[in-house]
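Asks: One letter stands for each residue in the lines below.
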Amino acid sequence: MSRNLQTSRNIQDSGIRRQTLVSLCMLAGFVIIFGRLFYLQVLQADKMREQAARQHYKILTMDSPRGPIVDRHGKPLALTVERPSVYASPSVISNPRHVAQQLADVLQLSSASLMRRLQTTRSFVWIKRHITPEQAAQIRALALEGVGLLMEPHRQYPQGLLLSHVLGFAGVDSQGLEGLEKQYDAYLRGQAKTAILLKDAHGHAIRPMVVKQRVGPAGYTLQLTIDEMVQYIIEEALEHAMDRTRAKGGVIIVMDPKSGEILGWALRPAFDPNRPLAADPTWRRNRGVTDPYEPGSTLKVLVAAAAIEEGKVEPGTLMYAGDGQMPVSGTIIHDTHKAGWVTFAQAVERSSNIAAVKTALLLKEEGLYHYLKAFGLGERTEIDVPGESAGLLKPPRQWGSRTLASVAIGQEIGVTPIQLITAVAAVANQGWLMRPYVVRAILDAQGTMVWEQSPQVRQRPISGKTARILTTLLVNAVEKGTGKLAAIPGYQVAGKTGTAQKFDLTTGRYSTTRHISSFVGFVPASDPRIIALVIVDEPQGPAWGGRIAAPIFREVAERILQYLKVPPHVHDAPLTVAMAHHEDPVQSSLSKEQ
Amino acid sequence: MVKPRRAPENLQLSFGGQWFSSYKNGHGWNWHHSPDRLILAVVYALVIMGLILMFSASGILAENWREESTYFLKRQVIAGIAGLVCLHGIAVWDYRQWHRLVPVVVGGVLVLLLLVLIPGVGHCVNGACRWFRVGGISVQPGEFAKLAVVIYLASFLARRQDRLTSFFSGLVPPLLVAGSMAGLVLLEPDMGTAVVLGLLVGGLLFLGGAPLVYLGALVVASVPVVLALILGVGYRLKRVLSFWDPWGDPMGAGYQLIQSYVALGNGGLLGVGLGNGRQKLFFLPEAHADFVLASIGEELGLLGTWLLLGLFLLLVVKGFQIAREALDPFGRYLASGVTLLIGIQVLINAGVVTGLLPTKGLTLPFVSYGGSSLVINLTAIGMLLSVARVPRQRKPPLWHYYMG
Numbered sequence: 201m202s203r204n205l206q207t208s209r210n211i212q213d214s215g216i217r218r219q220t221l222v223s224l225c226m227l228a229g230f231v232i233i234f235g236r237l238f239y240l241q242v243l244q245a246d247k248m249r250e251q252a253a254r255q256h257y258k259i260l261t262m263d264s265p266r267g268p269i270v271d272r273h274g275k276p277l278a279l280t281v282e283r284p285s286v287y288a289s290p291s292v293i294s295n296p297r298h299v300a301q302q303l304a305d306v307l308q309l310s311s312a313s314l315m316r317r318l319q320t321t322r323s324f325v326w327i328k329r330h331i332t333p334e335q336a337a338q339i340r341a342l343a344l345e346g347v348g349l350l351m352e353p354h355r356q357y358p359q360g361l362l363l364s365h366v367l368g369f370a371g372v373d374s375q376g377l378e379g380l381e382k383q384y385d386a387y388l389r390g391q392a393k394t395a396i397l398l399k400d401a402h403g404h405a406i407r408p409m410v411v412k413q414r415v416g417p418a419g420y421t422l423q424l425t426i427d428e429m430v431q432y433i434i435e436e437a438l439e440h441a442m443d444r445t446r447a448k449g450g451v452i453i454v455m456d457p458k459s460g461e462i463l464g465w466a467l468r469p470a471f472d473p474n475r476p477l478a479a480d481p482t483w484r485r486n487r488g489v490t491d492p493y494e495p496g497s498t499l500k501v502l503v504a505a506a507a508i509e510e511g512k513v514e515p516g517t518l519m520y521a522g523d524g525q526m527p528v529s530g531t532i533i534h535d536t537h538k539a540g541w542v543t544f545a546q547a548v549e550r551s552s553n554i555a556a557v558k559t560a561l562l563l564k565e566e567g568l569y570h571y572l573k574a575f576g577l578g579e580r581t582e583i584d585v586p587g588e589s590a591g592l593l594k595p596p597r598q599w600g601s602r603t604l605a606s607v608a609i610g611q612e613i614g615v616t617p618i619q620l621i622t623a624v625a626a627v628a629n630q631g632w633l634m635r636p637y638v639v640r641a642i643l644d645a646q647g648t649m650v651w652e653q654s655p656q657v658r659q660r661p662i663s664g665k666t667a668r669i670l671t672t673l674l675v676n677a678v679e680k681g682t683g684k685l686a687a688i689p690g691y692q693v694a695g696k697t698g699t700a701q702k703f704d705l706t707t708g709r710y711s712t713t714r715h716i717s718s719f720v721g722f723v724p725a726s727d728p729r730i731i732a733l734v735i736v737d738e739p740q741g742p743a744w745g746g747r748i749a750a751p752i753f754r755e756v757a758e759r760i761l762q763y764l765k766v767p768p769h770v771h772d773a774p775l776t777v778a779m780a781h782h783e784d785p786v787q788s789s790l791s792k793e794q
Numbered sequence: 005m006v007k008p009r010r011a012p013e014n015l016q017l018s019f020g021g022q023w024f025s026s027y028k029n030g031h032g033w034n035w036h037h038s039p040d041r042l043i044l045a046v047v048y049a050l051v052i053m054g055l056i057l058m059f060s061a062s063g064i065l066a067e068n069w070r071e072e073s074t075y076f077l078k079r080q081v082i083a084g085i086a087g088l089v090c091l092h093g094i095a096v097w098d099y100r101q102w103h104r105l106v107p108v109v110v111g112g113v114l115v116l117l118l119l120v121l122i123p124g125v126g127h128c129v130n131g132a133c134r135w136f137r138v139g140g141i142s143v144q145p146g147e148f149a150k151l152a153v154v155i156y157l158a159s160f161l162a163r164r165q166d167r168l169t170s171f172f173s174g175l176v177p178p179l180l181v182a183g184s185m186a187g188l189v190l191l192e193p194d195m196g197t198a199v200v201l202g203l204l205v206g207g208l209l210f211l212g213g214a215p216l217v218y219l220g221a222l223v224v225a226s227v228p229v230v231l232a233l234i235l236g237v238g239y240r241l242k243r244v245l246s247f248w249d250p251w252g253d254p255m256g257a258g259y260q261l262i263q264s265y266v267a268l269g270n271g272g273l274l275g276v277g278l279g280n281g282r283q284k285l286f287f288l289p290e291a292h293a294d295f296v297l298a299s300i301g302e303e304l305g306l307l308g309t310w311l312l313l314g315l316f317l318l319l320v321v322k323g324f325q326i327a328r329e330a331l332d333p334f335g336r337y338l339a340s341g342v343t344l345l346i347g348i349q350v351l352i353n354a355g356v357v358t359g360l361l362p363t364k365g366l367t368l369p370f371v372s373y374g375g376s377s378l379v380i381n382l383t384a385i386g387m388l389l390s391v392a393r394v395p396r397q398r399k400p401p402l403w404h405y406y407m408g
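Chains as they are written, first to last, in my numbering: chain A, 201 to 794; chain B, 5 to 408.
Honestly, I wouldn't trust all of these hints.
Stated by the list, open to error - Calculated Cβ distances over 10 Å to all of chain B for the following chain A residues:
id, residue
1, ARG236
2, LYS275
3, VAL325
4, PRO333
5, ASP400
6, THR490
7, ARG580
8, LEU592
9, ARG635
10, GLN653
11, SER663
12, LYS684
13, TYR691
14, ARG714
15, ARG747
As the list claims (entries may be wrong) - Derived lysine-lysine pairs resembling BS3-like cross-links, with alpha carbons at most 30 Å apart:
id, chain 1, residue 1, chain 2, residue 2
16, A, LYS765, A, LYS680
17, B, LYS364, A, LYS247
18, A, LYS328, A, LYS393
19, B, LYS78, A, LYS247
No wet-lab data here; the hints were simulated from the structure. Computed from a predicted model, the values in this text were never measured in an experiment. Virtual Cβ for every residue (Gly too), placed ideally from N, Cα, C.
All chains should be built: construct the whole structure from the sequences, respecting the hints.
Replies: Okay, structure coming up:
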């Protein structure tokens, strides 16, 4: 009995011991877990919080809308609008084939390439940016799994082709790629908006989605010197001219000669900046600044200016233009008509090559080069449009024996359209050479002016007197000479035609069939409001500047004068009188000081 | 010297007695009228905390999945009410009645475990057929098996205490019963429940006084079985490997554990605040079920996890105290079994969540989403309370056995 009790006692004691052991084991287990939790939640907390922040938050950067580009009166030329874009979350799409097929139908994309994009494990891919509202509605109606629409800022050019070469264009992410869009990208681009979103494991944003937001101001507004109406007039005229002449290309630039403000700038062939990639890249080049050409007779204006300024000639100086041929260094300079003895004024009127060469000979190489340089040829005009070329004007020591004669008639020299119009504008502006510009002001989103361009004088190649004399010669050239078709009833137009044979690289000679026909002129001659350069590249048929370019000038200038409400002249020959009374402010102030 | 009150030496277990008879009849037991208040308070606290935290962790998933944020909460509240009714019912019931019900319980659970394996009867999720679906309610017989094993072994140990040293009558029967249950559970497959069953059997046999040789042999014998199970099924091996190095495959096998770490770490000492957890936004899989502890750790911090586990520890300590002071061996083993059941589940679940143990599908008692688990665990606590209601023997404190 007692042994029994002892055994049972032993069993009981051992039972209690075992229970104690088990409970101690369990206690130990709890202690380990407590310790482990302390390690994970306190000692490892910082490391884990970093990981948590990485996966919980999504930093979304959106550009504030790109600022608009407007004309001088505030009419929009480039705008930012909201357009829907389609995106997909491939990771949640269970049937990519079906989705790709459906999207391909609506968006007119290849379903195979869509499939490739949908078969990634990424949580976000763009399917197509900036689709039409109709397409967006169709996609919304399909209600495809893992496919969504986002409104995105999209650059739009409401006027299409209008001014496209100057404006350039912006890319899908609203980044400026060409033209002013590129040049002024830093101003146009809105400050980035950043939003920190809370997201779930599927990458979806959770409501309330924005944890923290920083909104940057919208981009600045670019106000141009361009007048949309002037631009429209020249675009239309150029378009008609291109149809009429079936030319390869064309340029019209209109400028305010007194300030250097560009009022209009049209090029053909043109492109639609809304679909820049649809156009040939060479069409997108702003050939008004990038491509030098041989100006032909229009350069005689500058040769004449130099000769008058130097006192080598006067309007009444007699020159022998001979029998229409003049040998120079083994080649022969031709005139279309035998001129005989003419005054210098008549030579300009008739655009005599021989007279121009003889004038240049009076100036000599150094003299001519000095004046051309002073008129800004061979260097950039510093116009605020990207891609400008300096043209081609070699220094005299590199000139050949024929070069002086060639340059006098606008050959062996490369000028860009903007260089030529700027140089001739100096004649219209009493000799002052201005820096041309297209951006007038930069405004912030509230319309407050941030920066303003004021006219800048570069230099004064000729005096006011020379300019006045030359103007009368140029008026004569339009009224009696080669530029008759540029004359506008009621206004005095000063201008010069030009016909340049194109140099044929294959034959190494000037082509007889391919020409550049041009006209540069300003109006009204006594108080010029506009100067315009018209260039028609390779017109079909008779190519004389007077036949092709001058009428375009006339059409354009007449409409612009009407639009600008410039009063016509009452009398027929008031020019000299008016100009006599027209004082050169700089000169008069100088003479007062003396 | 106060003489401890003891049960009569000639205590006879009353099979076939009246259900609520002990109060009046002649065993000389003096019943407490109300259950142990501390346990009741701890369990209520756990259930209520569990509902709040589980709701916080599940709301967004429910909204996303069922478009009803209270989908899981509603179900858990219904299960909780049912569980508490069971708890109170069983707590006032003489636990010794369970002796009689052992064949019913064991037989019933075996039948259910068999039925759930029959295609069409059992409901499968992700290839695991663990549930019956009856009228929108899911029932998981694996959970019943846990409690059935506890009841069966407690009864077996109480009746066969003197024959435990015998291999055939002391070891084979419990191994057969528990082994068949574990085997059926493994066929579902449900490794977590099988492990719990194995640990319960081992623990209770140890407590019952089974020779250490047998237990050692059992452990040795179970090693190849466990290895075969792990190596036999690809995902289990992956889980085990990922537990060693979760960063080796952060987007694959290691993902869940890393997300659990991130949740715990993001919570830090004080947590990001109730309802403010981010990890439940589908970063942390099973944020409302197996990994609810990580979710709590994020929202309430170390303070919350320690408090919660502290309550469980209190429950376990109290449970072992009740077992030690139980008047009869059945009560002792029943209380020990219930305590082991709760403790093992908590430790394994917390071990998994904190990366100390490989991932198993195991819930945190009272807190994780799961109706069957909640009802069974509350029922088990009911049994513990029933054992506690008898006047307990005063025993010397624990250290007495080691120091004295």
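Asks: Hint by hint, say whether it matches the structure.
Replies: Evaluated hints:
1. At roughly 4 Å, the least C-beta separation between ARG236 of chain A and chain B is not larger than 10 Å, which violates its mark as non-interface.
2. Residue-level check passed: LYS275 of chain A sits 49 Å from the nearest beta carbon of chain B, beyond 10 Å.
3. Distance check for VAL325 of chain A against chain B: the nearest CB is about 19 Å away, which clears 10 Å, and the non-interface claim stands.
4. Residue placement check: PRO333 of chain A keeps its beta carbon more than 10 Å from all beta carbons of chain B (closest about 30 Å).
5. A beta-carbon of chain B is positioned within 10 Å of the beta-carbon of ASP400 of chain A; the least distance is around 4 Å.
6. No beta-carbon of chain B is positioned within 10 Å of the beta-carbon of THR490 of chain A; the least distance is around 52 Å.
7. The Cβ of ARG580 of chain A sits about 56 Å from the closest Cβ of chain B, beyond the 10 Å cut-off, so the non-interface label holds.
8. Listed as outside the interface, LEU592 of chain A is consistent with that label: its C-beta sits roughly 62 Å from the nearest C-beta of chain B, beyond the 10 Å cut-off.
9. Every C-beta of chain B lies more than 10 Å from that of ARG635 of chain A, the closest at about 59 Å, which supports listing it as non-interface.
10. No Cβ of chain B approaches the Cβ of GLN653 of chain A within 10 Å, the least distance being about 52 Å, so the stated non-interface status holds.
11. Listed as a non-interface residue, SER663 of chain A keeps its Cβ farther than 10 Å from every Cβ of chain B; the least gap is roughly 79 Å.
12. Non-interface status of LYS684 of chain A relative to chain B is upheld: no Cβ of that chain comes within 10 Å, the nearest being about 81 Å off.
13. The beta carbon of TYR691 of chain A sits about 75 Å from the closest Cβ of chain B, which is more than 10 Å, so the claim that it is off the interface holds.
14. With a closest Cβ-Cβ approach of about 66 Å to chain B, ARG714 of chain A is found to remain outside the 10 Å limit, as its non-interface label requires.
15. For ARG747 of chain A, the shortest C-beta to C-beta distance to chain B comes to about 75 Å, beyond the 10 Å cut-off, and the non-interface label holds.
16. Annotation: proposed proximity of LYS765 of chain A to LYS680 of chain A holds, straight-line Cα distance about 26 Å (limit 30 Å).
17. A distance of roughly 26 Å separates the Cα atoms of LYS364 of chain B and LYS247 of chain A; the hinted pair therefore holds under the 30 Å criterion.
18. Using a Cα cut-off of 30 Å, the hinted pair LYS328 of chain A and LYS393 of chain A holds, with the two alpha carbons roughly 22 Å apart.
19. The straight-line distance between the Cα atoms of LYS78 of chain B and LYS247 of chain A is roughly 37 Å, outside the 30 Å bound, and the hint therefore fails.
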